[in-house]
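Number of protein chains: 4
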Amino acid sequence: MDNILDQYKAVRKLTEDICAPLKKEDYVVQPVVDVSPPKWHLGHTAWFFETFVLKPSLPGYREFDPQYNFVFNSYYETVGARVVRTDRGNLSRPDVDDVYRYRSHVDQGMTRLLETTELDAALSEIITLGLNHEQQHQELLYTDIKYILGHNPLLPAYTRQGVSYQQHDATGAYLTMKEGIYEIGFEGTGFCFDNELGRHKVYLHEFNISKSLVTNREYLEFVEEGGYRDFRYWHAEGWDWVKSKGSAAPLYWHEVDGKWMHYTLSGLQEVQPAAPVCHISYFEAAAFAAWKGMRLPTEAEWEAAADQFNWGERWEWTNSAYLPYPGYKRAAGAVGEYNGKFMVNQMVLRGASVATSAGHSRKSYRNFFHPQHQWQFSGIRLAE
Amino acid sequence: MDNILDQYKAVRKLTEDICAPLKKEDYVVQPVVDVSPPKWHLGHTAWFFETFVLKPSLPGYREFDPQYNFVFNSYYETVGARVVRTDRGNLSRPDVDDVYRYRSHVDQGMTRLLETTELDAALSEIITLGLNHEQQHQELLYTDIKYILGHNPLLPAYTRQGVSYQQHDATGAYLTMKEGIYEIGFEGTGFCFDNELGRHKVYLHEFNISKSLVTNREYLEFVEEGGYRDFRYWHAEGWDWVKSKGSAAPLYWHEVDGKWMHYTLSGLQEVQPAAPVCHISYFEAAAFAAWKGMRLPTEAEWEAAADQFNWGERWEWTNSAYLPYPGYKRAAGAVGEYNGKFMVNQMVLRGASVATSAGHSRKSYRNFFHPQHQWQFSGIRLAE
Amino acid sequence: MDNILDQYKAVRKLTEDICAPLKKEDYVVQPVVDVSPPKWHLGHTAWFFETFVLKPSLPGYREFDPQYNFVFNSYYETVGARVVRTDRGNLSRPDVDDVYRYRSHVDQGMTRLLETTELDAALSEIITLGLNHEQQHQELLYTDIKYILGHNPLLPAYTRQGVSYQQHDATGAYLTMKEGIYEIGFEGTGFCFDNELGRHKVYLHEFNISKSLVTNREYLEFVEEGGYRDFRYWHAEGWDWVKSKGSAAPLYWHEVDGKWMHYTLSGLQEVQPAAPVCHISYFEAAAFAAWKGMRLPTEAEWEAAADQFNWGERWEWTNSAYLPYPGYKRAAGAVGEYNGKFMVNQMVLRGASVATSAGHSRKSYRNFFHPQHQWQFSGIRLAE
Amino acid sequence: MDNILDQYKAVRKLTEDICAPLKKEDYVVQPVVDVSPPKWHLGHTAWFFETFVLKPSLPGYREFDPQYNFVFNSYYETVGARVVRTDRGNLSRPDVDDVYRYRSHVDQGMTRLLETTELDAALSEIITLGLNHEQQHQELLYTDIKYILGHNPLLPAYTRQGVSYQQHDATGAYLTMKEGIYEIGFEGTGFCFDNELGRHKVYLHEFNISKSLVTNREYLEFVEEGGYRDFRYWHAEGWDWVKSKGSAAPLYWHEVDGKWMHYTLSGLQEVQPAAPVCHISYFEAAAFAAWKGMRLPTEAEWEAAADQFNWGERWEWTNSAYLPYPGYKRAAGAVGEYNGKFMVNQMVLRGASVATSAGHSRKSYRNFFHPQHQWQFSGIRLAE
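Chains as they are written, first to last, in full-length UniProt numbering: chain A, 1 to 384; chain B, 1 to 384; chain C, 1 to 384; chain D, 1 to 384.
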């Protein structure tokens, strides 16, 4: 889509389409701190455009409601909050209709801006960032909706239509990559996040990397052969996590009358042996690899080899911590808080998942989460 | 109302009338553990009639949904929950429409029962208990709705019509009660809870008790003269509570530009000096009394004197712990869990409040909460 | 002992005799917040005499070390602490020898005072309070030493000599007390704590009270018949306590190869069926009574009947919350913090235990602890 | 020292020499979870030789006390503990004399073994590992003793002799390293840990690295210009750490009457402007670097440049997460738990400190701690 207004409309519409199957009540709850209420995602992505685009750049723009600033701001301490502090999951107001009105108000402003203004480079860049930001929240909407409904005792389906998962079996095939100097990092002219910049050389030693993702069948062997009960496969912190959480299988798996079921966006279903395992923490991915006598690839290995295998079904945990590339510089101002300040205690995931918006990811994309997180559509690719 | 079906309809309707001003989103949230979502109150009071009346006593009654049993059961461990455990505040389903359908289904059953059945004493008793139970939840709906909206940064009003508070000023008048034997506990033939039964004699020493409640004007002096900063007025656990919570005024009070405002069901308003102070914990009530060089009455003193003063605007903290009367026996079965198991670590409140349903309370009524709780419409009557 | 100097010397010596079997290392540790290191008890009881007697009343008294004031003060916030805050269980200094030197310094001051000064009533009273205070800490030394050694995996004995426990079996005999007016509270001319004062009338209804304490044999039936697994016998908060703590027997009981053992001050020994059960929380005492279809006595019932049964082997949980007697007034100043500020959320125990210093307790004595505490030598007497 | 028995004796003696200034009480306490009681370090290092050398390899060796196995085992769940679980900081027994007797017993066994046995490679290796392990605990003894005494309100000195710190001022000089391929990892024939093995190539881009450590003078500027109050310099988790801990200066620094003092092993002293800053967390090191507009070096950069600057006064935080080198393999058995299982959520420190035992560290040594830890003698070297 070469027209930015069309792009804007398409991205914004998709966000709302994702929420269409929800009931108003589903928009409100926040069962754990990492999951945000859908209402909040809708408001926050509008707030981004209002704050970074419309207020500074659209003459005569009227702020929708000054109080929304601290309700939907994910970045800053709630400065200016005179009376009460806020807590995302306990907010029944602004209500869902208000939030859609807010989005509509912002959309009108953006349309007016995009129809009437010659965008300079900076403005164009921040709008593109806003669209990529909204696409990230589209994926979070899927993961958070799944968490909200999948932790409800009625296990309601998000959609009866079914969300298609590609069937595929493990081929067992490995790719051998030769020792030498490789270049990684973003290359080209399109959009990328600041954390991908600074394309640079790395020296890799010879390694093998699997052409396919680990399947449920393979992971089930690990489960059934006692992988969750043997400390030798786990990091010390991973073992603490297993014990304190009582983990014995991936998130959303339930053993019902001796059969392994899992909650999907279409409701509770039997685990499909040939599908790639999903909703795995880094701790589980690393333990599985250790049990196999293998390891996870580093992010440089992954990127160097990525053209030679299919990826995009699961975010793939790497064995790389999320750290700055050589020469990394934070952007100035609030936007500079986007990535750099999270560069500690998180692990990099590469690829994309079935929940990632089309065209959003790329080979150099660096996703990152804490090692205990399972609620993303995350899986495993082995290396050695 | 002498007809039990009319009574039933009136009580059930009032519950839904209380919820009428809410938006769907307001029904869902649970900002702290003691506050339940309105949706839960609606479902739980229907569950009571379904479980203790309809399922055992109405031939052919069809249970609305077997899963509602553990969603709306406040009493038991969630037995039978095979797959996931539940958490009141994180439940977007059953949704609000479902819950009203559930109530309607139960109401149809109850109407059929009451129109066609000659009630025996046991059935009559459990239905009356159910109605009193629902009236308790009517008051909790007011307190919980106030908490939900009063902790939202937008401070939305529950109703624009205004909730009238009787104005009255402290008279300073005290009543002297003579030393001697008094009788307390329920007397008469109507309904009461098991914890009021066992009317018995107590020996009271001479005491004075105020004819009026402590006003905001008086309480404000305590606030402004440093009552919250001087440990000498507080129980040791009360002082810890003040420090850890940073308390410096009653719940819902906010000092805005040097003026004391408080959140009411009609929104943020100026504190009225002549109104009785409200939303006070036992710790605060006891500290205020100590600052005055006085004390709170015991529940026996309160009941002995209650015919000689007006009560009903605020639940009045007493200096009595919630303990069984001589000869107290728990009822058999699940209903026996109603009161007895809470008889530790809670303090008795007497009277009623502006949020109590008409006719629900009586002189012998024993309300009880933990000493730190403020979200009830609770106030102070002094004694010495 | 009619001479106060002799009394002083005897009490002080007993405290040190209790500590004589300890190793230096035992003086230091604090395994849980309610247990204080023996070193702290030794210093704190000296600090009491230094602060409330010697500094105000002995001309020329030289404070041992100004910093000890906040190390050994149990009452106040650590005012004056300029550099670092303290934590009883992490203090290796002052070391044990320093603390004994501190005690000796205070003893010299007290001896000089008592040999040279005509005591006025106020001074006499505070010294007597100090001795009773030290006797309370003598019992705490036993309970805390038992906790420290009894939670060490080596289960070392405190003394090989054996601590004698009177053998006695349940007689099953009950005493019937007639309905009527009784007087309770301290009577006489000796020492008592402020919480016992205000002898007053209470009206009691007829009740039966056991002439003997519940034995291990009886309690073991409760354990073995599933008392800890049936929520019906427990307060709601008691049931939470059982589940979160995993309690299944009294403190210090261990099932070893199918036999019930318990840690005693002489080391691990078999549980003696005929001895009164010990180290019971209020929650356990109340649950046991409910299982028996009986109840615990109130403190007024206990005191009214106490002349007609033997007591003194176990602190006996009553079903009375710790609250002020009619007309209770706190003493002025720091000493006034002794009792009144604890009058919430605790239950009264009556009697005395095998660990109580001879002559320290009396019929009107009101001991008090939170309902979950087990580390005192506490037991059960039933009533109905 | 070419004789392994002499080496053994020298290392073991140094451990005890470090403890010589302690009082018995100092051996026992554990103020925070990361700090172990000195008694535990003494026992644990003896347990290492008993468990991995004497029991498998010395015929006729008599275990000192089978219960010590779970008291002094840092690695495993306390299997076999039948009666009570243990907690390092609450153990008054085994007492200090017992622990020294244990060490002496082990030393006799080791002497007998080393005097009578021809060591094979495996045995030689494990003994060398044991000595390096003990040297690591020598440094931990210093850091833990400093923490124990430095958090005591009396701020007692460990030694009056003074621990000499080299004075040196920042030169401001930087070293430029050329882009290209470097090799890192252990090289040579002596001892190293498994995490240093797998010498491998890395590709480095041109960088500058400081020839000297950041001094107190420089760090003080950061403190006084508000570095701890400006979120922009901090990782998000670092900023949470600052706020929750209330950090405003390095560990052990106290502002006393307007002057910066710090606790040292010789007691409280003025902060010396020219000494390298010490007791800095990774969060602080990274924030300081950001404030300077610079960054921390990676561990590969550090190692590549290390021959060209002086190091050894402070452990130097790098911007590298602790992760396996290419081809890293855990050793088999219990010893394999030494390093690999900690490779998540920790950052690498390079160099050595004034508290490191002579000869213990080397250029390829990889030390690692969590980013919030301050109690090591850690400092900052800048890069860009």
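It is possible that part of the hints are untrue.
Which copy? The list can't say, so a pair holds if one copy fits it or any two copies do.
Result set (BS3-like, lysine-lysine): computed pairs, CA atoms no more than 27 Å apart in a straight line [claimed, not checked]:
{"no.": "1", "residue 1": "201", "residue 2": "341"}
{"no.": "2", "residue 1": "201", "residue 2": "363"}
{"no.": "3", "residue 1": "13", "residue 2": "292"}
{"no.": "4", "residue 1": "13", "residue 2": "24"}
It is worth saying that the hints were derived from the structure and are not from the lab.
* **Violated hints, by number in ascending order, as checked against the structure** => 3
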